[in-house]
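> In case you want the letters, here they are:
4 protein chains.
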Amino acid sequence: MTTSDSEKRTGIWLIGARGSVATTAIAGAAALRDRLIPPTGCVTESPELLDEGMPGFDDLVFAGHDITETPLPKRAEQLEVAGILPRGVRELVHTDLAATDQRIRRGVAPEEAGHDQLETAERLIEQLCSFRELYGLSRVVVINVAATEAHPPARSEHTGLEELEHGLRRSDPDGGTVLPPSSLYAYAALRAGCPYADFTPSTGVRLPALDELAARRGVPYAGSDGKTGETLVKSALLPMFSSRALHVHSWSGTNLLGGGDGRNLADPDNVTSKTTSKQRAVHESLGYPVDGEVHIDYVSALGEWKTAWDHISFEGFLGNRMTMQFTWQGCDSALAAPLVLDLARLLARAHERGHSGPLPQLGFFFKDPVASDEHRLVAQFETLRTFVRRLREEQ
Amino acid sequence: MTTSDSEKRTGIWLIGARGSVATTAIAGAAALRDRLIPPTGCVTESPELLDEGMPGFDDLVFAGHDITETPLPKRAEQLEVAGILPRGVRELVHTDLAATDQRIRRGVAPEEAGHDQLETAERLIEQLCSFRELYGLSRVVVINVAATEAHPPARSEHTGLEELEHGLRRSDPDGGTVLPPSSLYAYAALRAGCPYADFTPSTGVRLPALDELAARRGVPYAGSDGKTGETLVKSALLPMFSSRALHVHSWSGTNLLGGGDGRNLADPDNVTSKTTSKQRAVHESLGYPVDGEVHIDYVSALGEWKTAWDHISFEGFLGNRMTMQFTWQGCDSALAAPLVLDLARLLARAHERGHSGPLPQLGFFFKDPVASDEHRLVAQFETLRTFVRRLREEQ
Amino acid sequence: MTTSDSEKRTGIWLIGARGSVATTAIAGAAALRDRLIPPTGCVTESPELLDEGMPGFDDLVFAGHDITETPLPKRAEQLEVAGILPRGVRELVHTDLAATDQRIRRGVAPEEAGHDQLETAERLIEQLCSFRELYGLSRVVVINVAATEAHPPARSEHTGLEELEHGLRRSDPDGGTVLPPSSLYAYAALRAGCPYADFTPSTGVRLPALDELAARRGVPYAGSDGKTGETLVKSALLPMFSSRALHVHSWSGTNLLGGGDGRNLADPDNVTSKTTSKQRAVHESLGYPVDGEVHIDYVSALGEWKTAWDHISFEGFLGNRMTMQFTWQGCDSALAAPLVLDLARLLARAHERGHSGPLPQLGFFFKDPVASDEHRLVAQFETLRTFVRRLREEQ
Amino acid sequence: MTTSDSEKRTGIWLIGARGSVATTAIAGAAALRDRLIPPTGCVTESPELLDEGMPGFDDLVFAGHDITETPLPKRAEQLEVAGILPRGVRELVHTDLAATDQRIRRGVAPEEAGHDQLETAERLIEQLCSFRELYGLSRVVVINVAATEAHPPARSEHTGLEELEHGLRRSDPDGGTVLPPSSLYAYAALRAGCPYADFTPSTGVRLPALDELAARRGVPYAGSDGKTGETLVKSALLPMFSSRALHVHSWSGTNLLGGGDGRNLADPDNVTSKTTSKQRAVHESLGYPVDGEVHIDYVSALGEWKTAWDHISFEGFLGNRMTMQFTWQGCDSALAAPLVLDLARLLARAHERGHSGPLPQLGFFFKDPVASDEHRLVAQFETLRTFVRRLREEQ
Ligand SMILES: NC(=O)c1ccc[n+]([C@@H]2O[C@H](COP(=O)([O-])OP(=O)(O)OC[C@H]3O[C@@H](n4cnc5c(N)ncnc54)[C@H](O)[C@@H]3O)[C@@H](O)[C@H]2O)c1
Ligand SMILES: NC(=O)c1ccc[n+]([C@@H]2O[C@H](COP(=O)([O-])OP(=O)(O)OC[C@H]3O[C@@H](n4cnc5c(N)ncnc54)[C@H](O)[C@@H]3O)[C@@H](O)[C@H]2O)c1
Ligand SMILES: NC(=O)c1ccc[n+]([C@@H]2O[C@H](COP(=O)([O-])OP(=O)(O)OC[C@H]3O[C@@H](n4cnc5c(N)ncnc54)[C@H](O)[C@@H]3O)[C@@H](O)[C@H]2O)c1
Ligand SMILES: NC(=O)c1ccc[n+]([C@@H]2O[C@H](COP(=O)([O-])OP(=O)(O)OC[C@H]3O[C@@H](n4cnc5c(N)ncnc54)[C@H](O)[C@@H]3O)[C@@H](O)[C@H]2O)c1
Ligand code: NA
Ligand code: NA
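Protein chains in written order, with the numbering used here: chain U, 1 to 395; chain A, 1001 to 1395; chain R, 2001 to 2395; chain H, 3001 to 3395.
Bear in mind the hints are in silico, worked out from the structure with no lab data behind them.
Where a beta carbon is used, it is the ideal one built from N, C-alpha and C, also for glycine.
Be aware that one or more of the hints could be misleading.
As the list claims (entries may be wrong) - The following residues of chain A were derived to be distant from chain H, with all beta-carbon distances above 10 Å: (1) P1039; (2) T1068; (3) T1070; (4) A1154; (5) A1215; (6) R1280; (7) D1291; (8) G1292; (9) D1297; (10) A1301; (11) R1321; (12) T1327; (13) P1360; (14) A1371.
Said to hold, decoys possible - If we take Cβ atoms under 7 Å as the criterion, some of the chain U residues that face chain A in the derived model are: (15) G28; (16) M240; (17) S243; (18) A337; (19) P360.
Unchecked claim - Pairwise CB distance ranges, derived in the manner of DEER restraints: (20) D3269(H) / S46(U): 51 to 61 Å; (21) S156(U) / S2300(R): 37 to 47 Å; (22) S1300(A) / R87(U): 46 to 56 Å; (23) A2099(R) / R1087(A): 52 to 62 Å; (24) E2284(R) / E3393(H): 20 to 30 Å; (25) T2276(R) / S1300(A): 37 to 47 Å.
With the rest of the complex left out, here is chain U (with noise of 0.2 Å):
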């Protein structure tokens, strides 16, 4: 069986399309689809898990929700002063930009998410499903790139799907939220039958309602929480210290970020969904528990770009005390974008070939991977490259 073109047809729909990761990952594909830069940072590129049959960037199409106005051709020019988009590739790339703002949605401010939720929740849908057929795709992938929301308090409603519906339906009469906007917004891509992505660490598809649902429709979702900075440094390094036995005492991070994401971190209540992410690669992957606090501290001064220092004490043979630190000097949104595009082909692949519900081969991708507890790096990827060589092969 071969893939015709138009059956390749994708749509990216993402939670966020406004914000820098958004941004980024909009100019990059249409500067990767004509051939404008090389496809540095892009895993499904390489060599080792490219799949002919996956959406090639000419059969991409963007769109998404928002709470902002700025639009999309504004925030490269700001990326650009940055540092981030080279202005030859803003400027040509520019009329994807303006022809994607168009096809950008009002979406649901958390301030806003308590009200009539069901009803919000058919127009997301609604405006998934005209989007598929307008530009005719084969499919919808929904990623979230939206800020980082606050965890909400557990609920009833959040157990079973039919719980959920039904709490939907009625108003809440002590006048609470039954899902925070990232899980309205799961919940109108899997109802739309598009697989779904968190990039984020806000709530999202992780609810067993949610869960339950993916599986009725028959639809793959992965996440949590793109692993870019600090978390994959971790992920590299924790099987040195695990696979020596060497003993880990401490392991103490700070992050200095500027940006809107380190604004929106700065506030205390949404950094803790953050950095509970943070920290489960290192207690997950040694087994014991380890001393060590994870600072997110907004910089205005570092603009788009992001430091970590991670400072390690550990112990070896006969006691003895040593030390590691490093230092990461990163881009957060070059870091994130390619990844959301590699995303996006996965998920669309998985779905052609008929994967749904969670799909921890993606754990690679993510600092809180869901249904698995690997957080090896290089085990992530074997995983990944033997998903991707199924794909290939089932075809």
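Chains A, R and H with the ligands: place on chain U using the hints.
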């Protein structure tokens, strides 16, 4: 079939038996046997690699060659002052050190190596055999932890066993030396039927002629250059860059160290084998040339401690330039000693199970692994794990 | 006029006399007296500051207050295990520690401070006076090296001596506490005519009422918060940025420390006085607001060692953004103890020469110097040098 | 007395006028004149050093020597790509760069320097004098910002002016070169009555013969080797160790840099003058020998940016061993360029006020200050401040 205790009694013959690594290994093995310390840093004691069939810590008898006269108990005191051997431990293993010191024989210094190499080899073989016999050992594993040598010029005698034995028999008309000391030790070990490992970057067993000898004698060997510090971290980090399709432009390293190893590596001839071995991982893992130098500086104030600083510049999506730096502050002998014990146990076991020739499965331990170009630590660990499982099952 | 030996016998009364800093200072003074160690870290022994008129190490008698019962010799053993006190030294000064321990009196814990403050003060004064008399001391210098307190709320009693003494006399109708323990100790010291220094960021002598008392009693005082680590480096680096007209955008710091001080500063109330004191230098030296947070994390595995990482982003010519980072790995008590001895000697000498009130000339020693906004270390050193020269000449 | 505008018109003649530092200085001066940028990094614009009597940015006319043909506007474009010159600024100063480029004359390459040195010198002098006359300049300051040369062997002609002029007049029978290019430029400058500064570690004016000439011609000079990165930080940190009586055991440094300076210093001959100059501060400030090497590695990927890592091991009270590390990531040309402007203004003013010979008061700017062994940055700044105040008052 059960392995009777006497069948497990194993000799460990250390070349450089009075050096820091050797002294720490000998003292540590006695402390482990008496349960004075936990097996931190000893990978063959980790649940994933444990194999009851390997010799236990009470099955080991140490001996070796060295060219210094400073007795082991004295070296141990120096290591106590340097903060590596806890006083309590040193006092409790004093008797073991004194006893082992009696079994250390005069080795071959580089400047003496040229004379009557065959005669010298016969003496070394005879020493290994008497040790095995006298102590009723099922086998003797020889490990080279002597000072790093300069790499010798290539010679035709190195290319095959016949050429080598011919060359050793007659005296070189040009006064040259057929084998450097490390290779002479390796030759003797193999001829005596002893499994052998190069923990140093010296030539040792890494000659076609000796590979042939190992095959003929049915003896396994491993090497080279224990991976304990900067290169260990490199081999954990390199797959992060490659699997994420990030392009590494430069990888620069500065190593500051005191101790005997530091003093020896301050000699520009000797350091070359080390820096070559240290850069192998970068080039082979990435598959493209990378800028950057590796410096090894002798800083006496650091004593037995090493500080390595590495600086990596790399490129991500859209040409964004990023950097990573790390500082590693480790106690080299405490990192190396448990691996020496691990290697001895694994080689003994592999020999028992009939393995011979190079063991690429032990690449996990080395900067410059024999018969392998896999440098990714996690992949090496998986290979080792499979190897140990098979050793266990073969039984 | 010659200073007879008896005139130089000087008491050093330490608040927190069984803490790490105090124990290291007491043990170190005995070791210096017996010439067991060189005076590394002791600035009053450097050729530039040496003043024969200051009390020598054999003129010092130690005593103090604490609220723990752990005796000094026991604390010294703990500091030996922590790697701060060399075993040889500890054994040789054991008798001094045991004798000093006999002179330590029960202090005032924060939770007890509220009761009968005047009565408590009289007891403290009486203890100081008996010590001076019993040992025939020409004077007693009181130095606060107790655990850092939370900063108390401002009160009208703090504004003048009359108000204070009136407030201490009657019990607070609202059950509040007029003075925190550190200020109660300072009040007692000044009333007993003892020169006083705050080596901690606790309130101590830094109240208008106590300043008035010091003037009236003709007693000099100094403070606050010994400058030994991150802030010491800051005060060396800040003038580099300002004198070169480089614009600092952010200065972020993370301090990892174990020990008693670390445990105490893990309490968010106590840490505030510390972080405030730590940021003073940045803002006052540069004269404009600078971004960045200071974190103090308790990491028990680090024991008595502290690691500080600072990240500075700054701007140069043509808007170029640059960064500097430093890591400081120091042993806090070993840095602090000799300064405690220096302060005691300098305060004793200044008192002898008739100085009273705040001594801004000792700003060199402090994060938060009294009566001074000069933070540049080199300038502070020049001031101190001039001060010592005058003390010498006045004779 | 007021200084009329015409009296202030000042020439700045740069040796290496098309290099990174020169181009940045010329572009920056035009931008400052037109108030396109703030004077960040320019110390003569700070309130503490401002002197109305110095030439203003609209009083400066640039010219110089170079041996490359790449015109200034082209170099400026390269510096824009490297991220040093903001595009806006570069476009706005284009005309100035093009005009200055017309005033750049062919210099003397090291390989040409041997021929007819007196004749060459006469040509250089003539070029300086015509420039001064043609533009009606009150004076011309010559600053060497050319590529660092290898240090030449000592020669008897260097020891006195008479010997030198004698030597220049006749051709060397052995074919040797009397003066390296940098000294030939310095000789010409002094003979033309121009104040002179060596911003490089090249020999330049640092010969007894040239000192004599400066005195005779009544011209002030300054040098050597601009203090902008690692050594700047060293000179800020060294007094911390010395004033606190901490004993420094080792100070190791690795400098990674790209750019033309990096490429030139990759030559082992040239780098020696640099590393020598870099270590001067450590030895002279501490007064005792300190271990540690300085490496300068060319890493082309770093472009015009430099990363320096320094590691310092030191000892405190009771023999405690501590360490400090720092990483400096700076843009060398942006750090150097404003200092070149500062030096030109200060030398012009000093010349006007009648100063001649070496100016140790400008030690603040140099790694290897003439006629001074003070390296403490704060002390150097105080000296400079006093010097500027006097210049102002003398009026
Ligand atoms: N960049 C990385 O390396 C990386 C890694 C892991 C996770 N993330 C996560 O990705 C997300 C995006 O990061 P960014 O740097 O692009 O941030 P950003 O602040 O630039 O963009 C976030 C966008 O989300 C929009 N938004 C906020 N709330 C919304 C809502 N309820 N509905 C729809 N849109 C909403 C904002 O208007 C904004 O345009 C963050 O949550 C971040 O934590 C990023
Ligand atoms: N410690 C580590 O982490 C590590 C890692 C990889 C490799 N190594 C290598 O292990 C070796 C030992 O390191 P160390 O720190 O113990 O050094 P060391 O200097 O303390 O000990 C070396 C010993 O070898 C002896 N020796 C020298 N030449 C000899 C010869 N020809 N024959 C027999 N003995 C000889 C010396 O007398 C000395 O006792 C070095 O080559 C080092 O490069 C160490
Ligand atoms: N070590 C340094 O470099 C440094 C630098 C600046 C300031 N300081 C300050 O010095 C102080 C001492 O540090 P440390 O490391 O010795 O701490 P520590 O915890 O080892 O010792 C503190 C001692 O104070 C005692 N104490 C607590 N409350 C008391 C009270 N109300 N009255 C009397 N004693 C009391 C404790 O029992 C303990 O013995 C801390 O406040 C610290 O912040 C230390
Ligand atoms: N940038 C800094 O922070 C800094 C600090 C201290 C010293 N320096 C020194 O300043 C100098 C210039 O640095 P750069 O980054 O501009 O280097 P660069 O390589 O960009 O420029 C050097 C220029 O000198 C020219 N040149 C070479 N030999 C010459 C000669 N004999 N006569 C005339 N011109 C000659 C070259 O053609 C080139 O244009 C170097 O010596 C460097 O070591 C720079
Ligand atoms: Na924080
Ligand atoms: Na070098």
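> Please flag the earlier hints that this structure goes against, numbers listed from lowest up.
The structure breaks hints 7, 8, 9, 10, 11, 12, 19, 20, 23; every other hint is satisfied.
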